[in-house]
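First residue of the sequence shown? That's -14 in the working numbering, and the numbers climb one at a time after it.
Source of the hints: derived by calculation from the structure; they are not laboratory data. Note that this is a predicted model, so its numbers are computed, not measured. A virtual CB, placed ideally from N, CA and C, is assigned to each residue, including glycine. Errors might be hidden in some of the hints.
Quick list of the computed label-pair ranges, beta carbon to beta carbon [stated by the list, open to error]:
#1 G67 with P(-5): 37 to 43 Å
#2 A19 with E45: 15 to 21 Å
#3 E20 with D63: 27 to 33 Å
#4 L25 with A(-2): 29 to 35 Å
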Amino acid sequence: MESFNGAEDPERAEHIQARARAASLLPGLVAAEAEHELPLVEWRLGPRGSLLGTVPGGAEAARAWADYFGAPVHDVPDPATGAPTPEVATGLDDYRGVTVVVRSRL
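All chains, please: the whole structure from these sequences, using the hints.
Structure, rendered in structure tokens:
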């Protein structure tokens, strides 16, 4: 039977560890929503151990999370429409090697 824990594949093992680091950040980010009165985010794990969040409220919601992270807001084209969508992304070093992205939606 094939093992799915990554023991035989170092790249897969690294990927699993990255996802575990990202998942460990979720409780703190959810707590920050309440503590700092931030817009509520729908969080999901990204394919390579990042945390991806979607927040309703457009640019204002993105700015609130940008202030929390100390990161700039960038307008990123929406893949479906091409319209600019405010997005905040942290650097890898900010959160235990995890990139956290919050994208707003109207």
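Comparing the hints with the structure gives:
1. G67 with P(-5): 37 to 43 Å: 39 Å, holds
2. A19 with E45: 15 to 21 Å: 18 Å, holds
3. E20 with D63: 27 to 33 Å: Holds: the Cβ-Cβ distance is about 30 Å, inside 27 to 33 Å.
4. L25 with A(-2): 29 to 35 Å: 33 Å, holds
When the structure is compared with the earlier hints, no violation turns up for any of them.
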